[in-house]
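All chains, please: the whole structure from these sequences, using the hints.
Residues per chain are reported as follows:
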Amino acid sequence: MKARGLYSYTLAYLLFLYAPIALLPLFAFNDSVVIAFPLSGFTTSWFEAMWNDRAMWKALRNSLIVSGSTAILATVLGLFAARASTRHAFPGKTGIMGLIMLPLVLPEMIVAMSLLVALLAIGIDLSLWTVILGHVLLCTPFAVAILTSAFQSLDRSLEEAALDLGETPVSTFRLVILPLVAPGIVASLLICFTVSLDEFIVAYFLAGTEPLLSVYIYGQFRFPSNVPAVLALGTVLVAVSVLLLAVAEYFRRRGIARTGGTAGGGFV
Amino acid sequence: MAGEAGRLRAALRGWALVSPTALYAVAMLAIPLGTVLVVSFLTDGRTAGGLRTVLPVATLANYIEVWTNDIYRFLMLRSLAVSMSVTLVTVVLAYPVAYYVSFHVAPNKKALWLFLITIPFWTSYIVRVFLWKVILGFNGVVNSGLLSLGIIDAPLQAINYSVQAMVMTLAHAYAPFAILPIFVALEKIDRSLLEAGQDLGESRFMTFLRVTLPLSMPGVVAAVLIVFIPTVGDYVTPDLIGGGKIPMIANAIEVQMLKLNSKALGSALAVSAMLIVASVTIVFLLLNRRFLGGGR
Numbered sequence: 001m002k003a004r005g006l007y008s009y010t011l012a013y014l015l016f017l018y019a020p021i022a023l024l025p026l027f028a029f030n031d032s033v034v035i036a037f038p039l040s041g042f043t044t045s046w047f048e049a050m051w052n053d054r055a056m057w058k059a060l061r062n063s064l065i066v067s068g069s070t071a072i073l074a075t076v077l078g079l080f081a082a083r084a085s086t087r088h089a090f091p092g093k094t095g096i097m098g099l100i101m102l103p104l105v106l107p108e109m110i111v112a113m114s115l116l117v118a119l120l121a122i123g124i125d126l127s128l129w130t131v132i133l134g135h136v137l138l139c140t141p142f143a144v145a146i147l148t149s150a151f152q153s154l155d156r157s158l159e160e161a162a163l164d165l166g167e168t169p170v171s172t173f174r175l176v177i178l179p180l181v182a183p184g185i186v187a188s189l190l191i192c193f194t195v196s197l198d199e200f201i202v203a204y205f206l207a208g209t210e211p212l213l214s215v216y217i218y219g220q221f222r223f224p225s226n227v228p229a230v231l232a233l234g235t236v237l238v239a240v241s242v243l244l245l246a247v248a249e250y251f252r253r254r255g256i257a258r259t260g261g262t263a264g265g266g267f268v
Numbered sequence: 001m002a003g004e005a006g007r008l009r010a011a012l013r014g015w016a017l018v019s020p021t022a023l024y025a026v027a028m029l030a031i032p033l034g035t036v037l038v039v040s041f042l043t044d045g046r047t048a049g050g051l052r053t054v055l056p057v058a059t060l061a062n063y064i065e066v067w068t069n070d071i072y073r074f075l076m077l078r079s080l081a082v083s084m085s086v087t088l089v090t091v092v093l094a095y096p097v098a099y100y101v102s103f104h105v106a107p108n109k110k111a112l113w114l115f116l117i118t119i120p121f122w123t124s125y126i127v128r129v130f131l132w133k134v135i136l137g138f139n140g141v142v143n144s145g146l147l148s149l150g151i152i153d154a155p156l157q158a159i160n161y162s163v164q165a166m167v168m169t170l171a172h173a174y175a176p177f178a179i180l181p182i183f184v185a186l187e188k189i190d191r192s193l194l195e196a197g198q199d200l201g202e203s204r205f206m207t208f209l210r211v212t213l214p215l216s217m218p219g220v221v222a223a224v225l226i227v228f229i230p231t232v233g234d235y236v237t238p239d240l241i242g243g244g245k246i247p248m249i250a251n252a253i254e255v256q257m258l259k260l261n262s263k264a265l266g267s268a269l270a271v272s273a274m275l276i277v278a279s280v281t282i283v284f285l286l287l288n289r290r291f292l293g294g295g296r
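If you're matching them up, the sequences are chains A and B in order. All residue numbers for the first sequence refer to my numbering, where the first residue is 1 and numbers rise by one. All residue numbers for the second sequence refer to my numbering, where the first residue is 1 and numbers rise by one.
I should point out that these hints are in silico values taken from the structure, not numbers from a laboratory. Note that this is a predicted model, so its numbers are computed, not measured. Positions of the beta carbon are idealized from the N, C-alpha and C atoms, including for glycine. Just so you know, not all the hints are guaranteed correct.
DSS-like, lysine-lysine: derived pairs with alpha carbons at most 27 angstroms apart [unchecked claim]:
#, chain 1, residue 1, chain 2, residue 2
1, A, K58, B, K259
2, B, K259, B, K245
3, A, K93, B, K109
4, B, K110, B, K188
5, B, K109, B, K188
Here are some of the chain B residues that sit facing chain A, going by a computed Cβ distance under 10 angstroms [to be verified]:
#, residue
6, A10
7, L12
8, I135
9, D153
10, H172
11, I229
Written out as structure tokens, the structure reads:
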């Protein structure tokens, strides 16, 4: 088939997708405060500036707490919903699953401001915990999507065999199902962690006075002299994100291969 | 296991299993949205100590303000115009990519291609938006590149800090959201239908128009909604790319909620925006209902 035109177009589109990320390291290593071409020279001083910034470390520490807790809680909630939707038929399933998946399409601003209004109405002070509450809501749909595909590729006869051989439903879940969906769980943890780490609006609305990494980065863009150091930080974050995603994709595919399927689409 | 009792037991088991996640969504999403709806009918005021607060006095004043003040109408129209342009650009640009991966990539390579397409999406949204500002700005990559090549004499004004720059940035940010649903819809198409079309004398292009495109419409509709709804409420891009000079409705909500601490007015703005977005969505779904029949 002739697809040369389509092929070139798709390559050009990938170039468009990667253009901003390709520029990131260029300016992070560029020896100038001005973020523009031509590049003036190579330096690692922006990475040093970033490394020596106490505020950055505080924000990073907070973000790791939030994203780590979010990843675990959202994955646990995702397990319940994904298991229920793949194994059971129950009235109202479409509506219930729709509500659980709704944060995926709602503007984050709506999620953030409605949580703020509700938390203030019942008198809860803003803290890292309130951010975690919001992030778990936002990340659960991602966990459900990943874990649903993990549960779907599961061969039901394995489970029935374990039950026939005298295992209880709980021990069957622990000994047979959990090991088979474990790669999906790892993928879900990594994706939720990444989504939470990058999220800005909910963090901005619900963190109170606690600094978080995304809010810190946003604030730094207001000061032109701090921008190169932020781009250095961005370079590190992108490298870590890509690494985590590659690991997540590896586990996701291994999980599907282990249950006898072939890896299909992406994460969503 | 058959019969009423068995079905009831299965339903109870399903409900029990889904309940932690469902209750969390009710507590953290449904109840807060309900609270916003209630607060939008209350009055912004001050406590005895002079702090900004919401007074439990029922009123329609917030909605009258939102629906009669020209500023909010203008911001809402701009948000709709931007997000509709973004949706059009994103879906039109994404379709050929999804088509290529679905029809021309070897089955064992498809996952790799989709992975490549989704990677940029998982990197920091804020940093990506800022980099578009670097690319399109007054001294940006595009302008300085064109200047040094001698193609232009002065920096192009049209591309920096403009609505076009916002559309470009958002089209980039939402690209995977458009590609993936279209790809999934294309994958479901029975390839023998296409051969049948060509065997019956249709050209390849007519086969695409009359078979492939209509069959992939559920994916296109999903892509449109998943791009359109979140972009109406985007906050970061207008703030960073527009330099605060081209606000959209989410920026107005943020100002009311945080900077001015007018929770009631901010809530009325949010409820109004959601109603408008929901109406547009419903009209769009009705217009496309002939493609969606028998989808589920």
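Can you give the numbers of the hints that this structure goes against, from lowest to highest?
-> Going through the list in order, the structure violates hints 3, 9 and respects the others.
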